[in-house]
Each structure stands twice: as structure tokens, then as C-alpha cells.
Amino acid sequence: MFWVLLLLLAWAVTGTACTRLCLAAVRAAGADPDPVQRELTLYEAAFLSGGPRRVADLTMVSMARQRRLLLAHTGWATVVDPRGRDEMEQSVIGAIGPEGQNRIAPVRAAAASAAAVGSLGDRLVRAGLAVPAGARTTVAAGVRQVRLAALAVLALGAAGLLVPAHPDMPRGLVALWFALPLALNLSCLAIARVEAHPYSRWASPAGQRLLGTLARRAPYGDDGTYLTTVAVRGVRAIGEPDLRAAFAHRDQP
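Residues in the sequence shown are numbered from 0 upward in steps of one, following numbering that gives the first Met the number 0.
Hints in this document: simulated from the structure, not taken from any laboratory.
Heads up, a few of these hints could be off.
Each pair of labels, with its calculated beta carbon distance range [to be verified]:
#, residue 1, residue 2, range
1, S118, T77, 24 to 30 Å
2, D167, T15, 27 to 33 Å
3, R208, A154, 14 to 20 Å
4, R102, G211, 32 to 38 Å
5, L179, A104, 48 to 54 Å
6, L7, R208, 39 to 45 Å
For glycine and all other residues, C-beta sits at the position ideal for the given N, C-alpha and C.
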């Protein structure tokens, strides 16, 4: 009856994964108490879409399009106008350093960890639009675990069918027993797909709804729509080849 041990293992894997997914969904729902319905700023949209690093990217792209920051395709950032117009721009300028020039990769990392970005995230959490820092391995991670659990159940079920069973136990019945934890995994995935998709690491359900209805506006003049796209989709939405190459550049060893 070795297949029974495999079945117990399949239930243990399934129960652990599904429980974690349920708890993650409850925490994500708890981050959405009664959010204020309002329009998002570009920085807020960037944070909810891609976290602190997306905010740094958006700030650098905005400054580059205004010719106040030069982003070379070789991966260097050069300050043209040292006067930051807000805290985010001041963080980028500070990350570049007093010499006014630095590699883009460390600038992005330093600007993303700046206090201004942290304060932005805290405000979004208090507003019920962002997921708290302690719960950011939430629904997305839970869904991945349930998917792995489903694959594990399939593998354990296949192994259980290969080992000799009791003469009075048909293989079809053994397969049916393994189908039960598999059905539970698939049911959890289906419910998560309906209730919590898209699986965001940063935005709460209310934040995702605001992102989905983000109005077309132009706070930076004619670049508003362009910057909104960069805030939501990231640097892959950059249209200029040289500017996109600046973010994609990697130092050679």
C-alpha cells in the first residue's frame, strides 16, 4: 500500500499550498479597507505597477525627456539641470552624486531605495491602494505554490499508479483518490483567477482597479500620456531606441 503514503504526501502538499494562497488572499483583501476613490499621480501609478524601481525609472525618463538629465545608450546618466522639481527628482540627482555623472544601474537602485519613494509607498498603503511590505509575497507567490503543488500531485499520482497496489484496489480507484487533491488545487487556482487576478505584488485590489481606469492626462505637458504608459508598463514602453538602450545596457565583465 505504498500508494497510500504517496497520497498522504499529495494531500500534505496540497493543503499547505492552498492554505498559503487563502491566507495571502485574505491579507490582500485586508489591505483594501475603504480606499478613497481618486486619480493616481504618475509616481503613484508607477509604484503600484512596478514598485520603487519603476518610480525611479519614471523619474529618470521624465527628466531625460525634458533635457534635464542625459541618459546615454552606453549606460551613463549625466545631470544637466541640478535643480530637482520634486523629491523624486532630488533623489535621482542625489543618487548620481556630486560629480554629476554616474552609471544608470546604481542610480536606479539608489533612487528606488530613497526615503521619498518609501514615503510614497507608505502613503499608498495607508490609503488602501498598495499591499503592505510584509505581505508582498502574497497572491502571486501563493498561486505559484499551488501550481507547483498541482504538478507534484500529478507526479505522485503517476508514481502511485506504477507501484503494485492491493489486488482488491483497482488502478482506476487509485487514480480517483489522487484526483481529489488535484481538483482542490485546480479549484483554488480558478477562484484566485476570478477573485484576485491580475496577481500584483504592489497594488491592492483597489489599487489595481484605479490602475485599470487610469485617465489620460498630461501633467508634464504633451508627454503626459507617454509618461503614463511608462509608469504602467515600465521602460519597455520607451519609444526612443537610444533611451531604451540606456536602461537595457549592461556592463561587460
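Structure-based check of each hint:
In this structure, S118 and T77 meet the distance hint of 24 to 30 Å, their C-beta atoms being roughly 27 Å apart. Distance hint check for D167 and T15: the Cβ-Cβ separation is about 31 Å, which falls inside the suggested range of 27 to 33 Å. A hinted range of 14 to 20 Å for the beta carbons of R208 and A154 is inconsistent with their spacing of about 38 Å. Here the CB-CB span from R102 to G211 is close to 35 Å, well matched to the stated 32 to 38 Å.
Our hint of 48 to 54 Å for L179 and A104 holds, since their Cβ atoms are close to 49 Å apart. The hinted range of 39 to 45 Å is satisfied by L7 and R208, whose Cβ atoms lie roughly 42 Å apart.
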